[in-house]
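Chains as they are written, first to last, in the working numbering: chain A, 1 to 379; chain B, 380 to 776.
Mixed in with the good hints, there may be bad ones.
[Claimed, not checked] Sample of chain A residues facing chain B (criterion: CB under 7 Å; computed from the structure):
(1) S6
(2) E7
(3) A10
(4) M11
(5) A13
(6) Q269
(7) F270
(8) G271
(9) I274
(10) A279
(11) S289
(12) K300
(13) F368
(14) M376
(15) G378
[Claimed, not checked] BS3-like mimics (lysine-lysine), calculated; alpha carbons at most 30 Å apart, straight line:
(16) B:K436 - B:K422
(17) B:K768 - A:K132
(18) B:K404 - A:K265
(19) A:K268 - B:K768
(20) B:K422 - B:K404
(21) B:K606 - A:K332
(22) A:K332 - B:K564
[As the list claims (entries may be wrong)] To spell it out: a stretch of chain A is covered by chain B in this simulated footprint if at least three of its residues, at any positions, have a beta carbon under 8 Å from a beta carbon of chain B; those stretches are:
(23) 88 to 94
(24) 255 to 268
(25) 353 to 360
By construction, these hints were calculated from the structure, which means they are not laboratory data. Virtual Cβ for every residue (Gly too), placed ideally from N, Cα, C.
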Amino acid sequence: MPLYHSEDQAMLADSASGFMADEGNIAKQLRHYRDGGCPDGFGHKLWHQMAEMGFTGMLVDEADGGLGMGHVEAGIVLEEIGRNLTPSPFLTSSVLAATALKHGSNDLKGRYLPGLVSGESVFAVAVDETAKHRPSRITTRAEKSGNGFKLTGAKSFVVQGASADMLVVAARTSGADDDEDGITLFAVPKDAANMSHDAVRLVDSSVASHTKFDGVELDGGAVIGDVDGGREVLNAMLAAGRIGTAAEGVGVARGAMDMTIDYIKQRKQFGQVIGEFQALQHRASHLYSEVEIARAVTIKAQQLLDEGAESADLMTSVAKAKVAKAAGLAVKEGVQMHGGIGMTDEYDIGLYMKRDRALQEFLGDAYFHANRVADMSGY
Amino acid sequence: MSDLENFRLETREWLEANCPAEMRKPVRDDDDVYWGGRRATFKNDAQKAWFEACRDKGYTVPAWPKAYGGAGLSAPEAKILRQEMAAIGARPPLSSFGIWMLGPALLKFGTEGQKQRFLNEIARGEIRWCQGYSEPGSGSDLVSMQTFGEDKGDHWQVNGQKIWTSYADHADWIFCLVRTDKDNKYKGITFMLFDMAGAGVSTKPILLISGNSPFCETFFDDVKVPKSYGEDCPGFVGEINRGWDVAKYLLGHEREMISGMGGGERTAAIGTAMKRHSAKTGDDLDPMLRTELAMFDVDALAFTAMAEKFMDEMKSGKGHPAQPNMMKYVGTELNKRRHELMMSVGGSRSLEWESEETRGGAPSRDWLRTKANSIEGGTSEVMLNVISKRILELPGA
Ligand SMILES: Cc1cc2nc3c(=O)[nH]c(=O)nc-3n(C[C@H](O)[C@H](O)[C@H](O)COP(=O)(O)OP(=O)(O)OC[C@H]3O[C@@H](n4cnc5c(N)ncnc54)[C@H](O)[C@@H]3O)c2cc1C
């Protein structure tokens with residue numbers, strides 16, 4: 001398979017890019033919901049429009065009413081989401097939760113997938129427990145209780161947790177905190193008793209919760225996959241989410257870079273366009289190279305995941321780390337090369353910097369993933 | 380089974396049968412790869428067998444047409460061959476500037492007669508070429524070059540000097556930029572081809588900081604360059620006075636080739652090997668060094684994906700024509716970083732310049748050699764200039 005988009009994928013990219021630029025743009029979405037103090041941090045109307053476009057159920061199997069597409073296609077949409085800084089539940093609902101639900105019972109699929117495909121529902125995932133992504137350690141416990149389970153613990157960085165109709169929660173059903181085995185994934189409905197959210201607005205205007213489970217009663221039907229065998233489902237979900245986050249990061253990087261290069265072609269100082277200064281040209285060209293590479297490895301990892309290749313996990317971590325570095329560079333150079341105007345709220349470049357910071361942390365930062373690359377390579 | 384899957388299986392079988400075990404070991408020294416030419420010798424029987432098998436199959440230049448000594452492989456087939464060779468660690472059967480540089484230029488600009496003659500000679504490893512571009516006063520600003528060819532009717536009389544001519548002392552022929560119109564900077568250069576054994580050509584090796592002397596000063600003293608080598612076989616490529624177009628096109632291929640040193644499509648991670656190495660010397664991998672290795676491996680593995688994408692896009696005509704400059708910039712900077720890290724892991728052992736354990740100081744000599752990567756074929760700064768101008772379209776670049 002060649003490492004570029006096929007004709008069908010290029011068509012999808014065209015329509016996704018047109019749609020996001022028209023409907024998901026910064027003024028219409030991010031600024032609108034931020035300035036209005038929207039408690040969800042995103043617009044349900046756009047989510048429905050995304051459903052009409054067929055985006056919400058891209059990764060859902062055709063048998064379940066979705067489009068049965070892969071990570072390359074989801075990545076195309078995410079790149080446009082990144083470029084437009086579009087707040088939406090796509091990453092958490094259509095990528096992470098949808099991947100987890102692939103492993104769920106028919107009953108669970110029937111309960112949740114139609115709402116996802118139609119844009120009625122929004123899902124969240126609750127994995128992290130501390131301020132850093134550390135999924136090897138899971139302390140939230142689900143004790144057997146009658147025919148079901150009783151969930152106790154606390155999660156953080158639950159993006160859109162308080163708005164979600166269902167949360168995918170990783171909990172421990174046996175073993176010690178750091179055990180590989182003994183994890184179970186649960187689909188916890190919005191109205192579950194004894195679940196509470198402390199929703200907090202983040203630097204990028206998205207909303208995430210500290211979510212507490214204080215003896216939440218769940219029946220056996222809430223289990224996604226096998227009891228104690230959830231690590232596999234969790235890993236699949238994380239891989240999908242990480243490569244999705246990388247794709248969105250590529251969009252953020254390209255959006256920030258394009259804006260910056262346009263700017264240095266127009267801004268004049270010392271009687272010349274600042275883009276004529278070689279000091280800026282070299283930095284811009286270096287940035288271009290890094291962003292191109294980040295995009296290439298992201299598409300590579302998407303293809304590998306779609307093929308089910310053994311190296312997919314390694315390349316996903318490579319991509320997540322590489323994108324974090326490249327997008328981080330793009331937003332930092334972006335603000336710097338804009339000068340004073342880059343520091344103003346009115347100008348969009350700062351919004352890219354904020355979103356990038358959140359994406360860097362989500363599902364593991366560059367250090368986490370570089371460390372993972374070393375671990376997986378045996379050093 | 381699809382044709383391509385079939386091709387992969389056939390290729391795998393063919394490689395299994397024809398690539399000797401010795402030819403699957405990593406390249407350590409310059410002469411581990413066969414460079415061909417009138418004066419070439421084989422290092423060992425395995426090298427000869429591997430070269431001859433590939434030559435007969437067209438695999439020294441797999442994507443060139445069969446008529447010119449290649450195997451006529453399509454882009455996806457050539458990719459499969461590269462992947463299968465990489466999978467068994469097969470060495471290139473033949474390396475040369477003819478393959479990387481002159482060949483692509485002839486395929487694009489050459490006459491049928493030139494292709495028949497020169498491409499076949501290159502593919503069969505018969506003639507070794509060198510590149511006469513740089514001059515003492517003209518490096519990055521190549522177009523300012525002064526070596527002059529005076530028109531003498533059926534030939535030019537060439538006088539001047541080139542410098543940094545890699546392997547000029549081993550080469551049979553030279554492709555050379557010669558000024559043929561002093562009044563026209565860009566449209567006054569002719570891309571000439573001539574025999575280094577001819578009267579008036581002399582070379583003087585230059586010693587590098589690595590202790591090797593792979594390149595030379597090259598002098599032309601009333602050298603006679605024929606305008607024609609026979610029917611449909613001119614002594615120049617493209618048109619007279621329009622050699623700059625050929626020169627630039629060739630540089631694209633040169634940069635693509637040099638970028639491969641950063642890992643190309645090969646697996647480029649080094650952390651694992653470095654850990655094994657330090658375990659052997661009884662050293663622990665310092666945690667900070669491990670971190671640097673991991674950050675490097677992220678960049679290097681990401682670059683392997685970029686290299687694959689770049690090749691796929693170039694072969695399908697989708698890539699930006701200036702993209703080789705980006706590949707060269709990143710690939711060479713990565714390769715320099717790789718060798719800095721290898722020196723750090725090696726510690727004092729890697730300082731040894733002459734010991735048997737280091738095969739004559741290979742770590743330090745290789746490390747020093749990589750510093751040329753971001754100079755040869757156009758410096759990193761020049762690459763960034765070209766990206767600025769041609770890809771980002773920044774003003775005044
Ligand atoms: C190992 C090796 C092999 C080589 N083989 C060959 C060969 O086979 N044939 C051949 O013809 N040549 C060969 N070269 C020559 C090579 O192409 C030149 O060295 C190269 O183009 C740089 O030219 P220069 O050495 O004159 O440096 P200069 O052009 O003088 O550059 C000096 C410094 O100034 C910087 N600089 C120059 N111009 C600019 C600018 N516009 N903007 C910013 N910075 C700038 C450069 O980046 C560099 O850092 C080889 C060189 C090496 C090191």
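Tested hints:
{"no.": "1", "hint": "S6", "verdict": "11 Å, violated"}
{"no.": "2", "hint": "E7", "verdict": "12 Å, violated"}
{"no.": "3", "hint": "A10", "verdict": "10 Å, violated"}
{"no.": "4", "hint": "M11", "verdict": "15 Å, violated"}
{"no.": "5", "hint": "A13", "verdict": "13 Å, violated"}
{"no.": "6", "hint": "Q269", "verdict": "13 Å, violated"}
{"no.": "7", "hint": "F270", "verdict": "12 Å, violated"}
{"no.": "8", "hint": "G271", "verdict": "12 Å, violated"}
{"no.": "9", "hint": "I274", "verdict": "9 Å, violated"}
{"no.": "10", "hint": "A279", "verdict": "11 Å, violated"}
{"no.": "11", "hint": "S289", "verdict": "5 Å, holds"}
{"no.": "12", "hint": "K300", "verdict": "4 Å, holds"}
{"no.": "13", "hint": "F368", "verdict": "11 Å, violated"}
{"no.": "14", "hint": "M376", "verdict": "10 Å, violated"}
{"no.": "15", "hint": "G378", "verdict": "5 Å, holds"}
{"no.": "16", "hint": "B:K436 - B:K422", "verdict": "21 Å, holds"}
{"no.": "17", "hint": "B:K768 - A:K132", "verdict": "42 Å, violated"}
{"no.": "18", "hint": "B:K404 - A:K265", "verdict": "50 Å, violated"}
{"no.": "19", "hint": "A:K268 - B:K768", "verdict": "18 Å, holds"}
{"no.": "20", "hint": "B:K422 - B:K404", "verdict": "14 Å, holds"}
{"no.": "21", "hint": "B:K606 - A:K332", "verdict": "56 Å, violated"}
{"no.": "22", "hint": "A:K332 - B:K564", "verdict": "41 Å, violated"}
{"no.": "23", "hint": "88 to 94", "verdict": "violated (count 0)"}
{"no.": "24", "hint": "255 to 268", "verdict": "holds (count 3)"}
{"no.": "25", "hint": "353 to 360", "verdict": "violated (count 0)"}
Hint violations for this structure: numbers 1, 2, 3, 4, 5, 6, 7, 8, 9, 10, 13, 14, 17, 18, 21, 22, 23 and 25, all remaining hints satisfied.
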